[in-house]
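These protein sequence lines are chains A and B, in that order. Heads up: the first sequence begins at 4 in my numbering, then just goes up one per residue. Heads up: the second sequence begins at 4 in my numbering, then just goes up one per residue.
To be clear, the hints were calculated from the coordinates, so they are not data collected in a lab. Check before you lean on any hint, since a few could be wrong.
Which copy? The list can't say, so a pair holds if one copy fits it or any two copies do.
[What the hints assert, rightly or not] Lysine-lysine pairs mimicking DSS-like chemistry, simulated, CA-CA at most 30 Å apart:
| no. | residue 1 | residue 2 |
| --- | --- | --- |
| 1 | K96 | K34 |
| 2 | K135 | K233 |
| 3 | K233 | K34 |
| 4 | K233 | K89 |
| 5 | K34 | K144 |
| 6 | K135 | K96 |
2 protein chains.
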Amino acid sequence: MSTFDIIAFDADDTLWHSERYYAQTQSEFVKLLAHYRGEEYIRAHLDEVEARNIQHFGYGVKGFALSMIESAVELTDGRVSGHDIKAIIALAKDMLNADIELLNGVSETVAQLAARHRLMVITKGDLLDQEKKLQRSGLGKYFQRVEIVSDKTRESYERLLAEHSIEPSRFFMVGNSLRSDILPIIELGGSAAYIPYEITWQHETAEPPTGQPGFHQLEHIGQLPALLAKLEEA
Amino acid sequence: MSTFDIIAFDADDTLWHSERYYAQTQSEFVKLLAHYRGEEYIRAHLDEVEARNIQHFGYGVKGFALSMIESAVELTDGRVSGHDIKAIIALAKDMLNADIELLNGVSETVAQLAARHRLMVITKGDLLDQEKKLQRSGLGKYFQRVEIVSDKTRESYERLLAEHSIEPSRFFMVGNSLRSDILPIIELGGSAAYIPYEITWQHETAEPPTGQPGFHQLEHIGQLPALLAKLEEA
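With the rest of the complex left out, here is chain A (with noise of 0.2 Å):
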């Protein structure tokens, strides 16, 4: 009998490449509205915009599609062009249209935890989006439940743990973010493999919790079935 239950995957950036998609949109942005403002100062603002439209918005392409539009408008005090609005409406539209870059090693690992183990998706972002990136992945197959979820905190995995009737101790996820994937699951007595991105949304950082019991940390997801062989050994 295994160890756990479910192993749960994030998806951006733990499954597949996101963060760079919206790096070089943020680029984009800026070359856009270069002749108005310094690049520094376009990026801090549209930073500043998005944190305070996460409340209305959530996350996902199209809350940072409005973000990018309000904060065009403010950063040229209303003077952004049409044509620079369709622009990055465009923008947004290649985000969700953009081909899906499996991270390396993750359609093997994923294939070979499958034969194993139960896997599910969580993953915050827009419902639509996430659906047809899982489904352009061609990795659907091997998860049993996907969960988008709009946060992703200690109260959002107790109720979904409690939907699925699955014991924090017999649940195992693995993602990039500290603050969303790996630190709530640690509180709730959950474990947790945490392998760092490229790139971390600065929303999403937070201090690893060495030391405590559940926290793994991985260079590679091809380091996963050897971790939880151990686990499941011990």
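Using the hints provided, position chain B relative to the given structure of chain A.
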């Protein structure tokens, strides 16, 4: 034993008013652009932009806001002012923060049914927005499950019923949209009560499946307990 394992409700315009906020916002949008184009032209253009953007944005206020902005740029040949773009974003935020107005009879009926049945909400739209509306509605405690879905098709209901191990024949759905709430359920062999709302969004119109097994039409949600009681006796 009850004839139905689950009574599921659509939310927008079944439990609470929604379409009227879209209608109000559209009227504000028309006013905002009135010095560029005639009302009819503006409305038709916005509808067209919305329809072509559903594939990118899905349902909900955020996608509607992006479509209004795109439509505003096109309708004005790029001359729309930054001020008007901000006004459109403000309209979207107003929609997201609007008070929840329950339809007449909803709060008594839902409370009454919750005492005898397991209730569920199945709704389209933006994740965070629908969660917050359910919370503000005060009805959350009556529903054992809340499913926010990207689309309501035969396939999506099939998946959902399988996930919850519900037999279609023991599933009863209540909603105001023939296309989204009623026809897929009747096709699957379930039962459904169609309760038309005062306004039907044109994307949701369809012919009622009058006379088909499992199909019921009510004028008012207050008639639902009597219908269910009758069906359970039969």
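The hints, checked one at a time:
{"no.": "1", "hint": "K96 to K34", "verdict": "both (18 Å within a copy, 28 Å between copies)"}
{"no.": "2", "hint": "K135 to K233", "verdict": "neither (34 Å within a copy, 42 Å between copies)"}
{"no.": "3", "hint": "K233 to K34", "verdict": "neither (49 Å within a copy, 66 Å between copies)"}
{"no.": "4", "hint": "K233 to K89", "verdict": "neither (53 Å within a copy, 55 Å between copies)"}
{"no.": "5", "hint": "K34 to K144", "verdict": "neither (40 Å within a copy, 49 Å between copies)"}
{"no.": "6", "hint": "K135 to K96", "verdict": "both (13 Å within a copy, 26 Å between copies)"}
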